[in-house]
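All chains, please: the whole structure from these sequences, using the hints.
Numbering (the working numbering), first residue to last: 95 to 428.
If you are wondering where the hints come from, they were derived from the structure by calculation, not from laboratory data. Remember, predicted model here, so these are calculated numbers, not experimental data. C-beta atoms are modelled at their ideal positions from N, C-alpha and C, and glycine is treated no differently. Relax, there's no trap hidden among the hints.
Here are the simulated PhoX-like pairs of lysine-lysine, each with C-alpha atoms no more than 20 Å apart in a straight line: (1) Lys333 to Lys358; (2) Lys357 to Lys333; (3) Lys244 to Lys162; (4) Lys255 to Lys177; (5) Lys177 to Lys248.
Derived Cβ-Cβ restraints for the label pairs, each shown as a range: (6) Arg334 to Lys248: 37 to 47 Å; (7) Glu242 to Thr205: 51 to 61 Å; (8) Phe138 to Glu242: 20 to 30 Å; (9) Val204 to Lys358: 33 to 43 Å; (10) Phe312 to Leu158: 35 to 45 Å; (11) Lys286 to Ser350: 21 to 31 Å; (12) Lys162 to Leu339: 50 to 60 Å; (13) Asp245 to Gln206: 49 to 59 Å; (14) Leu175 to Lys290: 34 to 44 Å.
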Amino acid sequence: MGTWNKIRGSQMVVAMKVISLAFEHDRRVVTNLPSPAEFLGYVFFVGTVVFGPWISLSSYRNALNAPKLNYSWLYSSLLSLLKSQICLLVSTCIAPYLFPLFIPVYGNSVTQKWLHAYENAVSFHFSNYFVGHLSEGTSMLAGAGFTEDKDNVKWDMSIVKPLSVEMPRSMVLVVISWNIPMSQWLKTYVFKTAMKLGTFPAILVTYTASALLHGLSFHLAAVLLTLGFITYVEHVLRKRLAFILSACILSRPCASDCSHQHKKNLWVLLLNLVFSLLVIFHLTYLGSMFDPGSDEQEVEEGYTAIHTIQRWSELNWASHWIIFACWIFYRLIQ
95 MGTWNKIRGS QMVVAMKVIS LAFEHDRRVV TNLPSPAEFL GYVFFVGTVV
145 FGPWISLSSY RNALNAPKLN YSWLYSSLLS LLKSQICLLV STCIAPYLFP
195 LFIPVYGNSV TQKWLHAYEN AVSFHFSNYF VGHLSEGTSM LAGAGFTEDK
245 DNVKWDMSIV KPLSVEMPRS MVLVVISWNI PMSQWLKTYV FKTAMKLGTF
295 PAILVTYTAS ALLHGLSFHL AAVLLTLGFI TYVEHVLRKR LAFILSACIL
345 SRPCASDCSH QHKKNLWVLL LNLVFSLLVI FHLTYLGSMF DPGSDEQEVE
395 EGYTAIHTIQ RWSELNWASH WIIFACWIFY RLIQ
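So, in structure tokens, the structure goes:
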């Protein structure tokens with residue numbers, strides 16, 4: 095089991111590549127299947143096989159014919175690698191051990207529990223940013239992750255957006271910013287395919303597919319399915335409130351020419367701030383189970399169901415109750 099968890103990420107990337115290729119061939123996006131040599135080269139592409147991310151077959155082919163490597167390529171690659179090391183430092187040293195120096199844990203047991211949960215969540219977040227920025231660097235070093243605009247080549251692969259997670263507007267944008275290629279893959283090959291079932295079933299199918307790709311781990315499945323409920327309820331509630339109040343409080347920022355009457359009023363900004371704080375609350379709750387101080391063997395083998403239930407029980411299932419209350423409120427104003 096421990097060995098499987100060590101290679102689970104690589105297996106997930108391989109599975110995503112094979113599945114996306116099958117979908118693209120079925121949709122006639124890829125008219126001719128690659129040769130066995132090209133297929134193996136795509137699946138085991140040196141820039142993505144260990145840390146990811148998923149890239150399409152067309153992106154792989156572009157990487158093989160990448161423009162001449164220059165200073166911009168080297169700078170972008172090294173910058174991503176530097177960011178990854180900073181995130182690793184925060185995840186392994188600052189968050190687990192120096193966190194109380196920045197935010198002293200005072201107050202009653204409830205305050206201590208939630209601050210400790212936030213500490214665990216931050217450590218987990220930055221471990222994800224570490225892998226994301228590292229995969230940016232390795233991908234660009236291998237020749238992937240560039241865009242061409244006439245004669246101008248930009249090495250601008252983006253896997254994670256930490257600021258959009260730590261200072262979020264909505265949970266929808268958090269999910270996208272957590273792993274941009276993964277989000278794109280799920281939207282293209284799962285969500286759009288399942289939309290004929292309806293929005294809510296499509297969201298559940300999408301997060302279930304994500305849980306399966308992550309390897310049928312109970313704690314990851316619990317987090318992902320909870321995320322599915324949170325993103326759905328948040329989306330429909332904010333959409334309904336935006337219509338009733340005619341305000342720019344949707345999950346995504348409105349366009350400058352949107353039809354809402356209230357765009358940057360103080361109460362609109364405060365309402366968006368409330369939703370942002372609520373997202374941080376949910377992220378703290380969901381990340382509380384990823385304890386960097388846990389036994390190494392337990393981490394490698396995956397957290398048990400008892401561990402997940404115990405951690406959320408300590409926080410009184412607060413996030414689940416709040417999202418249920420938000421859903422009830424949405425139904426009342428629908």
